[in-house]
Amino acid sequence: MKKNRLWMLAGLLAIGAAITLLAAGGLSENMVFFLTPTELEAKGTEVYGAPLRLGGQVKPASVQWDAETRDLRFVITDGAVEVTVRSTGAPPQMFGDGIGVVVEGTYGDDRVFRSTNVMVKHSNEYRPPDENHDPREAYKSLIVDGT
Amino acid sequence: MLSTLGYASVIAALLGAAIMTLGGFRAGLSRTGGEIGVTLARRGSYFAFFAMTAGMVVMEAALLTHDFSVEYVSRVGSLETPTYYTAISLWSSLDGSILFWGWILAGYGALFAFTRRREWSSFAGSRSTPSGLAPALRMAPLITAVMGVVALFFFGLLAGPANPFGLVSPAPTNGPGPNPLLQNHPLMGLHPPMLYLGFVGMTVPFAFAIAGLIQGNVEARWLRDARRWTIAAWAFLTMGIIGGGWWSYEVLGWGGAWAWDPVENASFLPWLTATAFLHSAMVQERRGMLKTWNLTLMISTFLLVMLGTLLTRSGIIDSVHAFTEGLIGPLFLAFIGVVAVASLALIGWRADRLHAPGQIESPVSRESAFIMNNLLLVGFTFTVLLGTMFPLVVEAIRGDRISVGAPYFDMVASPIGLALLFLMGVGPLLPWRRASGEKLKRDFRWPVASGLAVAAAAVVLGMRAVYPIATLGLAGFVLATIVEEFAKGVAARRRIAGRSAPAALLDLFVRNGRRYGGYVVHTGVVVIALAISVSWTWKSEREETLRPGERMAIGDYEVEFVELWAREEPQRFVVGATFAAFRDGKPIGEQRPRMNIYPSGQQPIATPAVRSSLTSDLYLTLMAFDADGGRHATVRAIVNPGIVWLWIGGMIIGLGALIAIWPRPAGRVRAAGDELLASTATAVSTPAAARARPGADEPEPELAGASVSTPGGDAGSA
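Respectively, the protein sequence lines represent chains A and B.
Just so we're aligned, residue 4 is where the first sequence starts under our numbering, counting upward by one.
Just so we're aligned, residue 49 is where the second sequence starts under our numbering, counting upward by one.
Next comes chain A alone, as it looks inside the complex (with noise of 0.2 angstroms):
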């Protein structure tokens, strides 16, 4: 009776043991910092290669984006400090007028960020709507009739 139990002690801690050594490896591993184009640069090469959060603004008119390779470069700002960003697929709709953007990827010497994920940021806080950017006049070649 008592070996039972001695066995059964030694497996939940076993098992304990496993799953903290799981945690505590997986979130060393899987931490992605949040950084602005700031926070980037005073970091310098110490998060080259690492993964990262770039947080800013996109700068007006620097997206270039071409629809056939699908090859999309911008620059992020946050006033101070420009990232050039790199990535592969279609920017986000809307895309380019000072808009905020998250990019997922890394920071080498090349001073680019190879990005693998972009994200407009989304804001559940109600703003007017852009007075620029009117979708009836912007898709105005695309409306149809009836339907």
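Honestly, I wouldn't trust all of these hints.
Chain B stretches covered by chain A per the calculated footprint, using a threshold of three residues with CB under 8 angstroms from any CB of chain A [what the hints assert, rightly or not]:
| hint | stretch |
| --- | --- |
| 1 | 402 to 411 |
| 2 | 429 to 440 |
| 3 | 446 to 458 |
| 4 | 497 to 505 |
| 5 | 515 to 522 |
| 6 | 602 to 616 |
Calculated from the structure, these hints are not laboratory results.
On a predicted model such as this, the values are computed, not experimentally measured, just so you know.
Beta carbons are placed, not taken as given, at the ideal position from N, Cα and C, and that holds for glycine.
Take the given structure of chain A and dock chain B to it, following the hints.
For chain B alone, coordinates are given in the frame of chain A:
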């Protein structure tokens, strides 16, 4: 006008909550009498529900009539929003969802009082009895009192900092409408109510736990009722979580259902601890052990529900600093703290009464399987909580903003999930106390063979990753054990009662719904595990820019870009692309992924076009388009095999839970119990009967308050 009416309802509900609390404590704590107490508790519960219902009706009326003088309506309503989304915008923002929370809480309180109406009528005339009533009868009023305390907190929020009925003067002529994401798909009407029913339902087991601690008495009936309420809430929570995944799949456009987002984790955490309790409760039921542990799980589940509500509703996830901007966050945190400290104090105070007499005899037994299951589930809770809260803690302490990515959660969830799946097959077949080697061999022979066969088939079909292969193999193993259990049950019923096979199967559900409903739930979980593995392994994704008439192939599908179009709708502007879709060369109709542009949103919401089938889904998302002339469109196509089985699995779980808690008429329960005992006497030598034999080697747990209990019904449940 509506503003005043609504606020008056909230105040009335607050009064009802106060009455149910006072009456409940009066009846639950006094040694004699208590007739007035139970009357107050019952009427208070009904009155609070009535008042909250009135509040809900007023809010819906205000929403539907666009009364923008009501503060909440001015924030989430708009004249252009379609009626359906206007009605469900009740839960699209904080104050409305707390109103909804409160209404459901009052509903649970009234339902609980209603189920105990006969029991409470026995308080009448008891004043003259010198010895007072059996302590078990004092439990229900205490439970009502604890629910009353929780209701006081929520109704208090509604009366104060989260008042949705505030008056705006002068009333605006229109509002912004709900958050664009929340008015983009009809499924938004489905999972939030489910989640709330699940979340709020966990208040009932919490009230059971606190009442049990106050009384220092957690007897058999208390446990069985607590577990039943937990199953109901748990089933809603499960379907809410899966429904949320479905919504996310249909709306968010990335082709998946679960991203380990903090909001998702918030709903998953209490699910894990509630699941642990549903299993460990059976150890207490059979062996009298784990009393303190079970109370801790019930209380933790409630605390995690409160934490989840705080996380999803206070804006704390976007930034720690958003949290201190309102009063609600700190109030929630304070409430969580008070509940945690008070519960710990109660557990410490009652520790001597809760000491367990039993002990584990063998590591290979049903009870040790349950303990492993609990350890894994609590470990799972701990790791998910760590990953969810770590970024908040780091930001609060060091100011660094970090995030913990989905790979962390996948990495911890996969092995733990597999181990749980393994136990799901092993546990129900293991006998209580200890198992003999020969019996193990006999019971596990063909489930193990089935599991190995399925795993081998997975490899042959091209699976190479270890986790999916293991999942498939274990799924085969678990399904085989479930089939074996049903086969044995049916065979026993046919032999004992001379029933036909389908009638015997129905008998199992009617007579022992708890056990066989449980197996149905397990089947649903296995279906979900299979869906996750299969869709993960064979999912394919492709993104292309197409000109009209151009095609791209993905899996056995092809899509051809036809044209771009745009149209104005009252509440939004829609840009869409029409694609002709083909499967194995045959046309399967047009698909129209869209982008919806809402006036209040800053960016368009991409709405994927999903074509589901039992084998695979074709999922198209419009990524970009040529705004000037429509000469090309960029589309992301995903083929997701077997993903509909995620939702089907969720429905199977709901069905199983319904079978498990379906009330059985008392006479029938009694007959089933007698018959079960009789059957073990006549057929004691057969292996099936030996397993079905409920506690033949130990007395049934003591049934206190025997006048109101229904003994024997759940004996032998697993």
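* Given that the stretch 515 to 522 of chain B was listed as covered by chain A, double-check it with a C-beta distance under 8 angstroms for 3 or more residues. => This one is violated; 0 residues, fewer than the three required, reach chain A with a Cβ under 8 angstroms.
* Counting residues of the stretch 446 to 458 of chain B whose CB is closer than 8 angstroms to a CB in chain A, do you get three or more? -> Answer holds; 8 residues pass the 8 angstroms Cβ test.
* Asked: Can the stretch 429 to 440 of chain B be counted as covered by chain A under the rule of three residues or more with Cβ-Cβ separation shorter than 8 angstroms?
  -> Result for this restraint: holds, n = 5.
* Asked: Taking 8 angstroms as the C-beta cutoff, is the stated coverage of the stretch 402 to 411 of chain B by chain A satisfied by three or more residues?
  -> holds (count 5)
* Can the stretch 497 to 505 of chain B be counted as covered by chain A under the rule of three residues or more with Cβ-Cβ separation shorter than 8 angstroms? -> It is violated, with 0 qualifying residues against the three required.
* Asked: Are at least 3 residues of the stretch 602 to 616 of chain B within less than 8 angstroms of chain A when you compare beta carbons?
  -> With 5 residues close enough to chain A, the hint holds.
In this structure, the hints that do not hold are numbers 4, 5, in rising order.
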